[in-house]
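Build the full structure now, drawing on both the sequences and the hints.
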Amino acid sequence: MVTVRELALELGEATKTVLQWTENGLKHTKRITRYKKEYLLIDWKDFWSWAERNKNMLDLRS
Numbered sequence: 030m031v032t033v034r035e036l037a038l039e040l041g042e043a044t045k046t047v048l049q050w051t052e053n054g055l056k057h058t059k060r061i062t063r064y065k066k067e068y069l070l071i072d073w074k075d076f077w078s079w080a081e082r083n084k085n086m087l088d089l090r091s
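All residue numbers for the sequence shown refer to my numbering, where the first residue is 30 and numbers rise by one.
Worth flagging that the hints you see were computed from the coordinates, not collected in a lab.
There may be inaccurate statements among the hints.
For lysine to aspartate or glutamate, the following EDC-like pairs were computed, each having C-alpha atoms within a straight-line distance of at most 20 Å [unchecked claim]:
hint, residue 1, residue 2
1, Lys74, Glu52
2, Lys45, Asp88
3, Lys56, Asp75
4, Lys84, Glu39
5, Lys59, Asp72
The structure displayed is predicted, hence computed values, not measured ones.
And the structure:
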């Protein structure tokens with residue numbers, strides 16, 4: 030699993046864009062640390078499944 034930021038860096042996208050994807054159906058898990066820091070985690074399998082169904086939202090040519 031990767032964080033929203035890590036996924037954004039890997040794909041060359043803005044973190045805000047990945048957060049918008051989670052609002053549009055990209056499965057994620059929310060983790061909260063003991064210091065109340067929130068992380069959204071995304072499984073690569075879930076990302077690729079979502080990406081296949083939402084090609085219109087992606088530009089992965091690079």
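- Item | Holds or violated: Lys45 to Asp88, with C-alpha atoms at most 20 Å apart | At roughly 15 Å apart (the allowed maximum being 20 Å), Asp88 and Lys45 satisfy the hint.
- Please work out if Lys59 and Asp72 have their alpha carbons no farther apart than 20 Å. Status holds; Cα separation ~12 Å.
- Item | Holds or violated: Lys84 to Glu39, with C-alpha atoms at most 20 Å apart | Holds, at roughly 17 Å.
- Decide if the proposed pair is consistent with the structure: Lys74 and Glu52, CA atoms, cutoff 20 Å inclusive. At roughly 18 Å apart (the allowed maximum being 20 Å), Glu52 and Lys74 satisfy the hint.
- Are the Cα positions of Lys56 and Asp75 separated by 20 Å at most? 6 Å, holds
Violated hints: none; the structure is consistent with every hint.
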